[in-house]
Amino acid sequence: MTLLITVFAAVVCTSIWYKTAPKSEMMVGVLCFIYWGASLMWLVDAVFEYAELKAEYFTPAPGDMLNDTFLGLCAVALGLVAWVVILLIKDPKGIVKNALLRKKK
Amino acid sequence: MACFLVPAAEAIVATVAVKVLEKKEEAPVRSGLGLAQEHDLSQKTPFSRKLKWLRNLLWGGCLLLAFEHLWHGEIVPWFPFLTAASDPAETASMLHEMATVGVAMAVSVTAVWLVMLAVSTLIEKRAQKAGPEETERSAAV
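Residue numbers (the working numbering), protein chains in the order written: chain A, 1 to 105; chain B, 1 to 141.
Pulled out of the complex, with its shape left as it was, chain A reads as follows:
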């Protein structure tokens, strides 16, 4: 479920990036890389787990599935937080810089 949720997040972000390209004021590309990177790594993890568990991999216990879903949602939230932090630090539109300068004046 974690992999599935992250893949959905990556696809949604990539669609948004494609729609807003070539503008990159919101740095959606960063978010795409975060989610695609994690999706790839979790995919490899899933392949190894599948090799170990075989068909059992596709029939997880409801408790485990719920935990994985919750983890996936939290991972997506963490990705969003990381993106917002990067956006505010890089500040491509100069909004933070302007706000700080205005206050100083």
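These aren't lab readings, by the way, just hints derived from the structure by calculation. All residues carry an ideal CB built from backbone N, CA and C; glycine is no exception. Fair warning: there could be bad hints in the mix.
Beta-carbon label-pair distances, calculated as ranges [claimed, not checked]:
hint	chain 1	residue 1	chain 2	residue 2	range
1	A	ALA77	B	ILE12	21 to 31 Å
2	A	ALA21	B	VAL76	36 to 46 Å
3	A	ALA51	B	GLU26	28 to 38 Å
4	B	ALA85	A	GLU49	20 to 30 Å
5	A	VAL96	B	PRO88	48 to 58 Å
6	B	LYS19	A	VAL84	23 to 33 Å
7	B	SER86	A	LEU88	20 to 30 Å
Since the structure of chain A is provided, determine the placement of chain B on it from the hints.
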């Protein structure tokens, strides 16, 4: 257990490589280029930017995977930070996981990046080929 440490190590190497490449690519711009070289540079994406794709993929993946390990109690905020490191038997299985899953993660991310690199190079080459033809066509009209 600690599989994300392998891509994290690769991410550190990629970050350093990006910094070095950026400095190298800035140098000829400062020293001044010929018109032909400037035109060539405007068509191509600098390699440092392409390497940033790999860096971002690796760091992004490592961030979320580190969070997953924290979630499962495999990482702790005190020494030795990895729960598996406190027990020799678990340390051995952790190292085995790093050597198998961790390396596979790093290789798969790098492989995807190489595909991205190949596709972008192909697109750039096509654009460069189409460029003079389009110029000729417009001149004929």
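Hints versus structure:
1. In this structure the supplied range 21 to 31 Å holds for ALA77 (chain A) paired with ILE12 (chain B), their Cβ-Cβ distance being about 26 Å.
2. Taking the beta carbon of each, ALA21 (chain A) and VAL76 (chain B) are about 42 Å apart, inside 36 to 46 Å as hinted.
3. For ALA51 (chain A) paired with GLU26 (chain B), a C-beta distance near 46 Å fails the hint of 28 to 38 Å.
4. At about 22 Å, the CB distance of ALA85 (chain B) to GLU49 (chain A) agrees with the hint of 20 to 30 Å.
5. Roughly 49 Å separates the CB atoms of VAL96 (chain A) and PRO88 (chain B), a value that falls within the hinted 48 to 58 Å.
6. Range check, LYS19 (chain B) to VAL84 (chain A): about 24 Å between beta-carbon atoms, so the 23 to 33 Å window is met.
7. The beta-carbon spacing between SER86 (chain B) and LEU88 (chain A), approximately 38 Å, falls outside the hinted interval of 20 to 30 Å.
Checked against the numbered hints above, the structure breaks hints 3 and 7 and satisfies the rest.
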